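Visitor: Those protein sequence lines, which keep their order, are chains A and B. If you're matching positions, the first sequence starts at 1 in the working numbering and goes up one per residue. If you're matching positions, the second sequence starts at 1 in the working numbering and goes up one per residue.
It is worth saying that the hints were derived from the structure and are not from the lab. All figures in this text were calculated on a predicted structure; none of them were measured in a lab. Accuracy of the hints is not assured; some may be wrong.
As the list claims (entries may be wrong) - With the Cβ distance kept under 8 Å, some of the chain A side facing chain B (calculated, not the full set):
#  : residue
1  : GLY64
2  : LEU94
3  : ARG96
4  : LEU112
5  : LEU115
6  : GLY119
7  : GLY122
8  : ALA138
9  : ARG141
10 : LEU146
11 : VAL230
12 : LEU234
13 : ARG238
14 : ALA240
What the hints assert, rightly or not - Taking lysine-lysine pairs in the DSSO-like style, the calculated list, with each CA pair at most 27 Å apart, reads:
#  : chain 1 : residue 1 : chain 2 : residue 2
15 : B       : LYS163    : A       : LYS103
16 : A       : LYS117    : B       : LYS124
17 : A       : LYS118    : A       : LYS88
18 : B       : LYS69     : B       : LYS58
19 : B       : LYS174    : B       : LYS163
20 : A       : LYS88     : B       : LYS69
21 : B       : LYS69     : A       : LYS103
22 : A       : LYS118    : A       : LYS103
23 : A       : LYS88     : A       : LYS117
24 : A       : LYS118    : B       : LYS69
25 : A       : LYS88     : B       : LYS58
By construction, the Cβ of each residue, glycine as well, lies at the ideal position given by its N, Cα and C atoms.
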Amino acid sequence: MAKGRPHQMASSGITARGIGMTFSRRGASTTVLESLDLDIAAGSFVTLLGPSGCGKSTLLKILGGILQPTEGSVHIGESTAADAVARKDIGLVLQRPALLPWKTARENVAMLRDLAKKGTRGDGAADRALELVGLTHAADRLPHELSGGMAQRVSIARALAMDPEILLMDEPFGALDAITRDAMNETLAGIWAATGKTIVFVTHSISEAVFLSDTIHVMASDPGRIVEEVTIALDRPRRAEVLDTSEFLTYSTHLREQLVGPEARV
Amino acid sequence: MTALNEARALGSTKAPARPSLARTWGRAWPPLLFAAALVVLWELAVNVLGVSSYVIAKPTEILTTIVAKWQLLLEDTWVTTAEVVLGFLISIVVGIVLALLVVRFAWVERAVYPLVVLFQVVPKVALAPIFILWFGYSMTPKLVLIVVMAFFPITINMVLGLKRVDEDLLLLMKSVGSTRNQILARIQIPTALPYLFAGLRIGITLAVIGAVVAEFSGSQAGLGHRIQFASTQLDTASMFAALIVVSVLGLVLYYLVGLLEFVMRRRFPHLAATDA
Ligand SMILES: Nc1ncnc2c1ncn2[C@@H]1O[C@H](COP(=O)(O)OP(=O)(O)OP(=O)(O)O)[C@@H](O)[C@H]1O
Ligand SMILES: [Mg+2]
Numbered sequence: 001m002a003k004g005r006p007h008q009m010a011s012s013g014i015t016a017r018g019i020g021m022t023f024s025r026r027g028a029s030t031t032v033l034e035s036l037d038l039d040i041a042a043g044s045f046v047t048l049l050g051p052s053g054c055g056k057s058t059l060l061k062i063l064g065g066i067l068q069p070t071e072g073s074v075h076i077g078e079s080t081a082a083d084a085v086a087r088k089d090i091g092l093v094l095q096r097p098a099l100l101p102w103k104t105a106r107e108n109v110a111m112l113r114d115l116a117k118k119g120t121r122g123d124g125a126a127d128r129a130l131e132l133v134g135l136t137h138a139a140d141r142l143p144h145e146l147s148g149g150m151a152q153r154v155s156i157a158r159a160l161a162m163d164p165e166i167l168l169m170d171e172p173f174g175a176l177d178a179i180t181r182d183a184m185n186e187t188l189a190g191i192w193a194a195t196g197k198t199i200v201f202v203t204h205s206i207s208e209a210v211f212l213s214d215t216i217h218v219m220a221s222d223p224g225r226i227v228e229e230v231t232i233a234l235d236r237p238r239r240a241e242v243l244d245t246s247e248f249l250t251y252s253t254h255l256r257e258q259l260v261g262p263e264a265r266v
Numbered sequence: 001m002t003a004l005n006e007a008r009a010l011g012s013t014k015a016p017a018r019p020s021l022a023r024t025w026g027r028a029w030p031p032l033l034f035a036a037a038l039v040v041l042w043e044l045a046v047n048v049l050g051v052s053s054y055v056i057a058k059p060t061e062i063l064t065t066i067v068a069k070w071q072l073l074l075e076d077t078w079v080t081t082a083e084v085v086l087g088f089l090i091s092i093v094v095g096i097v098l099a100l101l102v103v104r105f106a107w108v109e110r111a112v113y114p115l116v117v118l119f120q121v122v123p124k125v126a127l128a129p130i131f132i133l134w135f136g137y138s139m140t141p142k143l144v145l146i147v148v149m150a151f152f153p154i155t156i157n158m159v160l161g162l163k164r165v166d167e168d169l170l171l172l173m174k175s176v177g178s179t180r181n182q183i184l185a186r187i188q189i190p191t192a193l194p195y196l197f198a199g200l201r202i203g204i205t206l207a208v209i210g211a212v213v214a215e216f217s218g219s220q221a222g223l224g225h226r227i228q229f230a231s232t233q234l235d236t237a238s239m240f241a242a243l244i245v246v247s248v249l250g251l252v253l254y255y256l257v258g259l260l261e262f263v264m265r266r267r268f269p270h271l272a273a274t275d276a
């Protein structure tokens with residue numbers, strides 16, 4: 001959409017105020033998120049980092065307007081999250097690939113794009129998205145013929161093909177080997193730099209978070225909340241070599257201490 | 001039914017095995033051989049024990065009866081086939097439409113569906129005389145009985161399949177503002193296809209039963225009528241002949257459903273491998 005105009009696209013920021021989420025079932029209720037505030041600047045790359053079960057996926061779905069919080073509200077730019085959904089501004093990569101088993105990789109990638117009425121049918125956007133994730137050779141395969149990591153990359157391509165203003169990604173590289181993961185990180189950073197999308201990224205991996213983010217929101221569980229906001233001031237574009245710098249190490253160490261908690265620091 | 005669906009749902013994630021002719025034959029010959037042995041034993045037993053031909057007909061007798069009365073049997077077969085096929089097609093439409101209404105409109109599920117399920121405790125075969133009373137000796141009462149018997153397994157399996165949709169796929173559909181109807185058409189109905197076919201397989205056998213029972217209760221033609229009429233004449237060989245023809249008819253129709261599923265696997269590879 002806005003290729004070659006880095007960071008000038010009319011991307012929207014996300015504002016979440018007083019988010020609370022309580023799941024109740026047969027009388028028993030669990031509070032997963034409590035009075036959570038979040039500000040995500042337009043065009044920034046933001047990561048949610050936290051232990052398993054702290055509510056990252058739940059928060060991401062709420063930010064994307066597909067899960068209604070029990071408390072609080074989400075605004076995307078000037079409008080509500082629901083309006084942003086109606087405008088098809090949000091691209092989602094969920095934790096599980098969720099592909100249609102009877103459609104090929106290419107058809108799966110094209111499906112949401114077609115439904116969102118972005119571009120015209122068969123304009124090659126699906127193939128370009130598959131190329132970005134390195135799956136051109138697998139375009140005609142069915143989901144059961146793909147490995148877990150390949151299926152996950154198809155689901156990333158599906159979101160990219162939508163060319164949304166806001167990209168919400170839930171552990172998109174969780175099932176990839178280290179080498180492919182590093183390559184995908186660089187690809188994603190490149191896409192972000194070229195398009196100026198707002199990206200919210202969920203991960204368990206500290207180094208992935210530091211490598212990609214402008215801002216990292218560290219979460220804690222019971223109830224899920226944001227305990228710290230860390231701004232990563234490393235120069236861009238970042239290359240794999242940045243992983244070995246002392247600044248990078250400083251960030252990683254700090255984040256690890258945050259996640260492990262003060263009692264483990266001795 | 002549920003166990004079958006579970007098995008199919010599990011199987012559907014794997015690549016469907018291509019049934020080769022050799023493999024089909026490999027699986028077919030043991031039961032065929034066993035059946036042939038039984039037939040021979042049957043013939044010998046009737047001869048040796050000297051059972052009266054009123055009680056049980058010999059395979060050779062049945063065969064000669066089929067050959068001798070082939071024209072009559074063909075007419076009856078045509079009548080019954082027409083009833084079953086037409087009745088089954090109506091059952092499919094009724095079954096699918098009802099399933100779609102149940103998952104699409106909450107009030108149908110809450111108000112109508114429980115009654116439909118409750119109605120299944122009625123022994124439907126016993127309704128045949130009532131339908132004859134209402135609709136006379138035409139084709140109508142046969143169709144009504146077939147539909148009443150065959151639509152339910154189609155509906156209940158289809159509902160099960162329509163509801164068994166990946167939650168995350170629903171969320172993704174929501175994220176692009178899809179309508180309920182789009183979700184139904186693009187995700188739920190294709191997901192439900194293997195379940196639908198499980199229902200169709202049960203439905204087609206019930207449709208044949210429905211046709212025969214309806215013909216018992218009041219009819220001038222058809223294989224059910226032939227069996228009934230032959231029994232009043234103590235014509236045991238004819239009874240068995242019609243019985244065999246109706247069984248073959250049921251088998252052929254059952255395999256046609258399997259064939260349809262097999263053909264549809266081109267477009268929907270998640271349909272489980274058929275047993276056909
Ligand atoms: N639909 C639901 N009903 C009830 N509880 C839920 C539901 N969805 C999530 N939870 C609960 O909310 C908590 C947070 O879940 P969530 O999936 O958001 O965690 P997460 O941070 O993404 O974890 P992970 O890193 O393992 O993916 C968990 O305790 C989970 O059991
Ligand atoms: Mg999660």
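Visitor: I'd like to know which numbered hints this structure contradicts. Please list them from smallest to largest.
Guide: The structure breaks hints 6, 7, 8, 9, 10, 11, 12, 13, 14, 16, 20, 21, 24 and 25; every other hint is satisfied.
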